[in-house]
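J.: Residue numbers (full-length UniProt numbering), protein chains in the order written: chain A, 1 to 508; chain B, 1 to 508.
Don't take each hint at face value.
You can't tell identical chains apart in this list, so a pair holds if it fits in one copy or across any two.
To be verified - List time: in silico DSBU-like cross-link candidates among lysine-lysine, alpha-carbon distance up to 30 Å: (1) K372 / K103; (2) K256 / K314; (3) K464 / K432; (4) K19 / K348; (5) K259 / K19; (6) K432 / K314; (7) K429 / K439.
Read the hints as simulated data drawn from the structure, not as lab findings.
Just so it is clear, the structure is predicted and the values come from calculations on it, not from any experiment.
Protein chains: 2
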Amino acid sequence: MTANNSFVHENLISKRASKRSNARTSSAATEDAPAGFEPHPKPLALHRGMPNAGFFPIDSIDVNLVEYPFQKSLSIPITNASVESFFPDEKSVSRTNTVTIKKVDDPEYVDISTALQYGSVAGIPQLLQFTQEFINRVHKPAFEDWDTVITSGAGDGLIKAANLLLDAGDVILVEEFTFTPFLENIEDVGGIPVPIKLNLDKDSGKELGLDVEYLSDLLANWETEKPGLPFPKALYVIPSGQNPIGTTQSIETRKKVYKLAEKYDFAIIEDDVYGYLTLRPFQKPASIFKLNDFLEVDDFIANHITPSYLTIDKSGRVIRIETFSKLFAPGLRLGFIVAHKRVTTVIKNYASDVTRSASGTSQLIVQNVIAKKFGGVDGWLQWILKLRITYSHRKDLLLNQIFESAAYKKGFLEVIDPTAGMFVSVFIKLAKGVDAQAKLKLLNYKFKNFGVGVIPGITRTVDKKFSEDRSNFYRLTFAPAEDDNEITEAGQRFVEAVEDFFEKGLEY
Amino acid sequence: MTANNSFVHENLISKRASKRSNARTSSAATEDAPAGFEPHPKPLALHRGMPNAGFFPIDSIDVNLVEYPFQKSLSIPITNASVESFFPDEKSVSRTNTVTIKKVDDPEYVDISTALQYGSVAGIPQLLQFTQEFINRVHKPAFEDWDTVITSGAGDGLIKAANLLLDAGDVILVEEFTFTPFLENIEDVGGIPVPIKLNLDKDSGKELGLDVEYLSDLLANWETEKPGLPFPKALYVIPSGQNPIGTTQSIETRKKVYKLAEKYDFAIIEDDVYGYLTLRPFQKPASIFKLNDFLEVDDFIANHITPSYLTIDKSGRVIRIETFSKLFAPGLRLGFIVAHKRVTTVIKNYASDVTRSASGTSQLIVQNVIAKKFGGVDGWLQWILKLRITYSHRKDLLLNQIFESAAYKKGFLEVIDPTAGMFVSVFIKLAKGVDAQAKLKLLNYKFKNFGVGVIPGITRTVDKKFSEDRSNFYRLTFAPAEDDNEITEAGQRFVEAVEDFFEKGLEY
């Protein structure tokens, strides 16, 4: 197999795309008009089966916004610093900010009668344009003919990517610990997921996360390693704030993985729902108030967000999945895909046949709030920077609780300080020879007894058997807690449960 | 084949459901807790990967409503009657009505932090309850164990129904003229649509629409009529305001069709997106102002809405598809399915794996507006009655334009006065022996030249060949026009194009 720089044109659609996807490319029949035919300059419509906007009961919508996360309930348990010291550039943090969405002639606004009407499966034009400006600013693809298409959230984006690439019996590479709902999407189209080992050993001296050597060896020896399985069509990867591990691939790692994709000619599905939520390295929570924690947007882009696989993709083999769920609100069910135009065209055909368009209500809220309140791409990034500080603070609260614990000091626990996203993976250090999964099953009950919900690593595997030796961890998240106290209390319950378990000789 | 009154329990899920659907039924593994285990009474969550509502930029949403369709732009070209005479029970038609959606403890409201959060694939509980109360009031099913599930519009509902029932090679019966996007959903799962003849002959003395005798004969002689094709698993039908014909099946017809479904053991997918939009029989548009046109809700339900197939369904074989698109707004992408609980469970599994939940933003708007502005089920029906009057008026404007035309008076046209929905089918009366489809292709250009968009019947067929003889019609809709003048102008262009075409000897 050799490198192929015209991947998309030669392969992704015509060869790599699923038969299902290729079957969808519709051909519009053209007919010869009779001699002398001229179309009317201003035709009237008796054909489109859609209600006039006058039939809708809604006249307008006012969206009332906050200036920063937790504006109404922020609790700072350690100092009494005012919210103003968090956000020194805000004149008045209590001011109400309302974006009114109505019938209006303003090309930047999504007009309410447009958003409540049947919409394009590609998405509302203004929001599409925003996603393109945003990608252009933060993750400019290395290939020219890229495009975006709106989805009903990252879940919908992943379904579309699976549907685009996989027919029954096709193989897709997946990080051994992953966002497991995607495995159901793979199964739904009959695909076969093959796990790729993650390096979780801090003492290895190698980058944590996807094990590039393992991947390289597997691909080089595919026929002997996976006899009878077809060569993989794609790699599914969560490169930043990996779920459930919390690691972020360096750009060097991405380049190595991409080189393998070129060499072995497979597509990369980049599920990057956490990449903008970069997190500071751990610092004691009290230090949150230093003003230099607030990054400038240019610095944020240049030095904190790891560039997407798109930015090194010369042949259009990357399909990037984004979402507004983590940055705006999950209930919107809104996200987008960035990929080569020929890929987005096939995805639009799929949307046209199966998933239809995303909610117009959600699109109008996101687009109008970003355009009119945040002020476009840079304002949107400033909002994300506010989230970043709040999430970093929460992460540090949880880590601090662990680092200060007896369980940690006694060596029962090891932690990966996440560089992005919402998850901390905490490893239970069991001696060699101990039946780890049997013991962790008991520990699960200990957590239930101590009153803390956690995700056992083994439940996030592609193949339990394959990953058993590396499944001695729990995924903890600092995202859903109501306030700081809940995080510290939950963290406390976690470490106490672990300590109790070890003190009782790994018995319940 | 014999009647089977335990269709759902014995067949729909275990036998009739697609292999794909059956594969999705998930079994939760249960494990034995260790001795002495007790769960904590108030556990804290470090497991759910979802942001706290405090991370959302939205504090509250005000939805500003109108009292009746076209409140701001209603034009009455014939008389100068005020809008108050339309809606005599409204005290002040210009009053602003705002429903505020915020964080609030009120079981009827959808709280904004709930709606913007990840939601249940079944739908937000309050909206689910409304759909159940609504169905109970208007179309109470004849079987006990029914349930509803929220969808992202009727399109999503139809995809789910196709996915539920059909594997590759399975047959589904479809009215020969139909909502053609559903054919793509059938194709997507590999199903085979078989057209059922519609009676479009006004002189036949038989009910217009689905030809029950044809259906009965076809089923009785399936093996000889359709050699090699498996027996149909389902019938897809648009029983009210049929798209594109405009007819509504009487309850007697529905009973006959249902009896065939029992006899031959197939499911019925009832796509009823127009059933509430009943239309008065034609009357000259001027007469719109008679106050007795405004029905009481009880009268509306008892005498105007034709009861759903659900109301005669004793064995749970009907899957009813509803939408808020035609009654509220299409951009919401919101609807629901009514079916047996075992069916809705399988549909929830599908949503969980593939389509995810509907937009929370759309659900919060619909539920809160219906609960707080319309006042629940009966208020919602009152809103629909306002739509009914407006649509009836529009329909009559279009029909009047046709009835008064030279083309109609000269016998070039025949019209079906629709009893529900948004569509008028207008037949072009061509002499026997004329190559109808060749002539209609020319007429299509005539319409483009006169400046009126219409849908040729032939483009809405399951099988062009099968329906060629009955495809001499156009589907016209009075729904999208901006105002009354646009409808009359568009209608005028339509009849003038037809007249011109006939006057020129059926040439362009």
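J.: Does each hint hold? Answer for all of them.
T.: Status of the hints after comparison with the structure:
For a Cα distance limit of 30 Å, the shortest separation of K372 from K103 qualifies both inside one copy, at 15 Å, and across copies, at 23 Å. In this assembly of identical chains, the alpha carbons of K256 and K314 lie at most 30 Å apart only when taken from the same copy (14 Å versus 62 Å across copies). In the homo-oligomer, the alpha carbons of K464 and K432 lie at most 30 Å apart inside one protomer (19 Å), although the nearest pairing across protomers, at 71 Å, exceeds that limit. With identical chains, the CA atoms of K19 and K348 are at most 30 Å apart both within one copy (16 Å) and between copies (27 Å).
In this homomeric assembly, K259 and K19 come within 30 Å of each other (Cα to Cα) only inside a single copy, at 27 Å, whereas the closest approach across copies is 40 Å. In this assembly of identical chains, K432 and K314 lie within 30 Å of each other by CA distance neither inside one copy nor across copies; the values are 46 Å within and 62 Å between. In this assembly of identical chains, the alpha carbons of K429 and K439 lie at most 30 Å apart only when taken from the same copy (11 Å versus 81 Å across copies).
Of the numbered hints listed earlier, the single one contradicted by the structure is hint 6.
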